[in-house]
Amino acid sequence: MTTATPTVGVGAQAAGKPTRAGRVRKRLNSRTATLVSIVIALLWTVPTFGLFVSSFRPEDQIKTTGWWTFFRDPQFTLENYQQVLFSGSSSGRLASYFINSLAITIPSVLFPLAFAALAAYALAWINFRGRDWVYIGIFALQIVPLQMALVPLLRFFSTGVTVGGVQLLPAWDLVDEQKFAQVWFAHTCFALPFAVYLLHNFVSQLPSDLMEAARVDGATHPKIFRTIVLPLITPALAAIGIFQFLWVWNDLLVALIFAGGGNETAPLTVRLAELAGTRGNEWQRLTAGAFVSIVVPLIVFLSLQRYFVRGLLAGSVKG
Amino acid sequence: MEFDWAGETPKFLMLMYGLIAFVAVVGGLLLLLDVVPAWFARRQEAQLVAASTSGTPLPRRRKPREGLFALFFLLPTLLLLMIGLVVPAIRTTLLSVMNRDGSSWVGLDNYGWMFSEDSIIQVLTNTLTWVILVPLVATAFGLIYAVLVDKARFEAVAKSLIFLPMAISFVGAAIIWKFVYAYRGEGDQIGLLNQIAVSLGGQPKQWLLESPLNTFLLIVIMIWIQAGFAMVVLSAAIKAIPADIIEAARLDGTTPWQMFWRITMPSIRPALIVVVVTLSIATLKVFDIVRTATNGNYDTSVIANEMYNQAFRYQETGRGSALAVFLFVLVLPLVIFQIRNLRQQREG
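In order, the protein sequence lines correspond to chains A and B. If you read the first sequence in our numbering, its first letter stands for residue 142, the second for the next number, and so on. If you read the second sequence in our numbering, its first letter stands for residue 35, the second for the next number, and so on.
Please keep in mind that the hints were generated in silico from the structure rather than gathered at the bench. Every residue, glycine too, gets a C-beta built ideally from N, C-alpha and C. Any given hint could turn out to be false.
[Stated by the list, open to error] If the Cβ cut is set under 8 angstroms, some of the chain A residues that face chain B in the computed set are:
hint : residue
1    : Pro215
2    : Gln216
3    : Gln288
4    : Pro293
5    : Leu351
6    : Met352
7    : Ala354
8    : Ala355
9    : Thr410
[Said to hold, decoys possible] Pair by pair, the computed Cβ-Cβ distance ranges are:
hint : chain 1 : residue 1 : chain 2 : residue 2 : range
10   : A       : Thr205    : B       : Ser138    : 51 to 59 angstroms
11   : A       : Leu309    : B       : Phe371    : 32 to 40 angstroms
12   : B       : Ser86     : A       : Ala354    : 43 to 51 angstroms
13   : A       : Ser444    : B       : Asp278    : 30 to 38 angstroms
14   : A       : Leu310    : B       : Ser138    : 46 to 54 angstroms
15   : A       : Pro311    : B       : Met299    : 53 to 61 angstroms
16   : B       : Trp39     : A       : Leu373    : 54 to 62 angstroms
17   : A       : Ser444    : B       : Met299    : 15 to 23 angstroms
18   : A       : Ala354    : B       : Arg347    : 56 to 64 angstroms
19   : A       : Leu373    : B       : Ser86     : 17 to 25 angstroms
20   : B       : Asp222    : A       : Leu176    : 49 to 57 angstroms
[Claimed, not checked] If the Cβ cut is set under 7 angstroms, some of the chain A residues that face chain B in the computed set are:
hint : residue
21   : Ile365
22   : Thr368
23   : Gly418
24   : Val436
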């Protein structure tokens, strides 16, 4: 606390030189603020850090001593990861589920992005009757919790559509890894209202002169969409893409219902929730497994944080 | 046992099919919209040329078919929303007044069951606790932290650390905190909370088994995740307060306390409301945390979790649907409020 001494001296003549006193006090304030905010931030990270450290400790160590003893008696191993990723199905076999997570996530991000961009463009720049009503309709669908759609959508996949005894659409009858298609479909449907709404905000704010000029030059709507609109809304697409990526990768409910629990389709989250339930005391597997599931979104998040925050703000504040 | 990479090939194949389908659908749609109008335009041009050379009166030019374009641009979205949301939501509402396999009408029985069964009343009380505590505490913490960090150095790093749990799945977060709450009968404790309890002279406990404490411990997880969201949005709102207002207040000699209540709070009120409402909606739908941490046992279940259990574990479709509809009814006023709020903001 070396700063305390000068404050006293300045404080004595504060009446004469308020600006200097103020500056010192402000600096002091900002020091306390810095200290307190960093301490809180570190406390916030302790649970994650504990998990991370534990995942590298040998099994007998994890099960008998706290992770904080690691610093007194460091014992390091990669065995947990080896076990949980690659060995037999009873201990995790998470590599398989990791691939499932990837296979589920990539199309589940691409489809809604593309469809929402097309829809947002049409709603913002093509004149047709009832445009506002269509937009309001899509917008209003945001209020439907996806719980409202789960049971009927599952039936749609498993038994098809029957109206008055007439089979209109057959059942999908998907097996094993084909069930990915169901998950893609469900995620795409559930993502669309929000994605259309956000992208519409961006697309409708593009300068209308630009569109006019392109129309005068004889560009058709698809051409304007491809060559003018798409490049301009790339940041917005990135933001929504990250959003959707994190949402799908971290989702449990949709995957649980539409992918099933087998290692052919279930993503990491489903498998981890299962391990936490049936092998709640196998901390060597749970810690390593949880970290395997966290690492991808963490990388995405840290490297693209700027876009993510922008998307968040656009979604919640600017509307 | 060695890991069998060959066994994973069908998944990659399926992923590739998915990507091919994506390219085919989106690319095909754009190509279609590009080629067909171009063909029409050429034909029209040829007609015009023919008409001008032969001297016959020009055919009346039709209005460009804007609506047709719009239809194709909107087609995938509208189709998917119809199949995936609109029709299912209506069917769920219908199922909620039918019996367990949807074969006969039972009126409001399912709703009556919801409010008479003790375990479901427990579920509703839990949900109420969640939806009161999470938005309140997370927003309060986010606000205090945003004000605090505004003056601090290393602002970006500190904010990232608080914000980090947002990237972690609810499942991952639940496991992280289950580890904090972990319990051992004898010897050293491995859970941080029990270690703290022991070093303060207390007895180690099975935290997650003790109702009603366990619900609060689960709520802590949600707050831990969502505080970062509140902090980021509010911090942006604080930074957006015009500098001259702050400068003027400072010249008038306001204390930091006055500054906070008279300047900061009124300026960020809209953002504050948005945060509280968004968090309330997210909290009402919370499912993953409860399912992973306790699976809804020991009196910790919430609506979304109970809905899943009824509809998909016990095959009680009617009851599950009734719970889903009830969830919808709870969310409805919040979202309407949110939308009205956003529109006022944009007009103002």
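How the hints compare with the structure:
Interface hint status for A/Pro215: violated, as the beta-carbon distance to the closest one in chain B is roughly 17 angstroms, over 8 angstroms. Taking 8 angstroms as the C-beta cut-off, the interface hint given for A/Gln216 is violated, the closest approach to chain B being about 15 angstroms. A hinted interface residue such as A/Gln288 counts as satisfied when its beta carbon comes closer than 8 angstroms to some beta carbon of chain B; here the least separation is about 4 angstroms, so the hint holds. With a least beta-carbon distance of about 4 angstroms to chain B, the hint placing A/Pro293 at the interface is held under the 8 angstroms criterion.
Given hint, A/Leu351 at the interface with chain B, is violated; its Cβ is 18 angstroms from that chain's nearest Cβ, farther than 8 angstroms. At about 13 angstroms, the closest approach between the beta carbon of A/Met352 and any beta carbon in chain B exceeds 8 angstroms, and the interface hint on this residue is violated. Hint status for A/Ala354: violated, given a least beta-carbon distance of 17 angstroms to chain B, over 8 angstroms. With a cut of 8 angstroms, the hint placing A/Ala355 at the interface with chain B is violated, because the nearest CB-to-CB distance is about 14 angstroms.
Interface restraint check for A/Thr410: the shortest CB-CB distance to chain B comes to about 4 angstroms, inside 8 angstroms, so the restraint holds. At roughly 58 angstroms, the beta-carbon separation of A/Thr205 and B/Ser138 lies within the given 51 to 59 angstroms, and the hint holds. The given range of 32 to 40 angstroms is respected by A/Leu309 and B/Phe371, whose C-beta atoms sit roughly 39 angstroms from each other. In this structure the supplied range 43 to 51 angstroms is violated for B/Ser86 paired with A/Ala354, their Cβ-Cβ distance being about 28 angstroms.
The hinted window of 30 to 38 angstroms between A/Ser444 and B/Asp278 holds, with their beta carbons roughly 37 angstroms apart. Between A/Leu310 and B/Ser138 the beta carbon distance is about 25 angstroms. The supplied range of 46 to 54 angstroms is therefore violated. For the pair A/Pro311 and B/Met299, the beta carbons lie near 59 angstroms from each other, so the given range of 53 to 61 angstroms is met. Between B/Trp39 and A/Leu373 the beta carbon distance is about 42 angstroms. The supplied range of 54 to 62 angstroms is therefore violated.
Between A/Ser444 and B/Met299, the C-beta spacing of about 35 angstroms breaks the proposed range 15 to 23 angstroms. The given range of 56 to 64 angstroms is respected by A/Ala354 and B/Arg347, whose C-beta atoms sit roughly 59 angstroms from each other. Separation of A/Leu373 from B/Ser86 is about 39 angstroms and departs from the stated range, judged on CB atoms against 17 to 25 angstroms. Checked against the given bound of 49 to 57 angstroms, the beta carbons of B/Asp222 and A/Leu176, roughly 32 angstroms apart, lie outside it.
For A/Ile365, the shortest C-beta to C-beta distance to chain B is roughly 10 angstroms, which exceeds 7 angstroms, and the interface hint is violated. Taking 7 angstroms as the C-beta cut-off, the interface hint given for A/Thr368 is violated, the closest approach to chain B being about 11 angstroms. Interface restraint check: A/Gly418 against chain B, minimum CB-CB distance 6 angstroms, threshold 7 angstroms, status holds. For A/Val436, the suggested interface contact is broken, since its CB lies about 10 angstroms from the closest CB of chain B, more than 7 angstroms.
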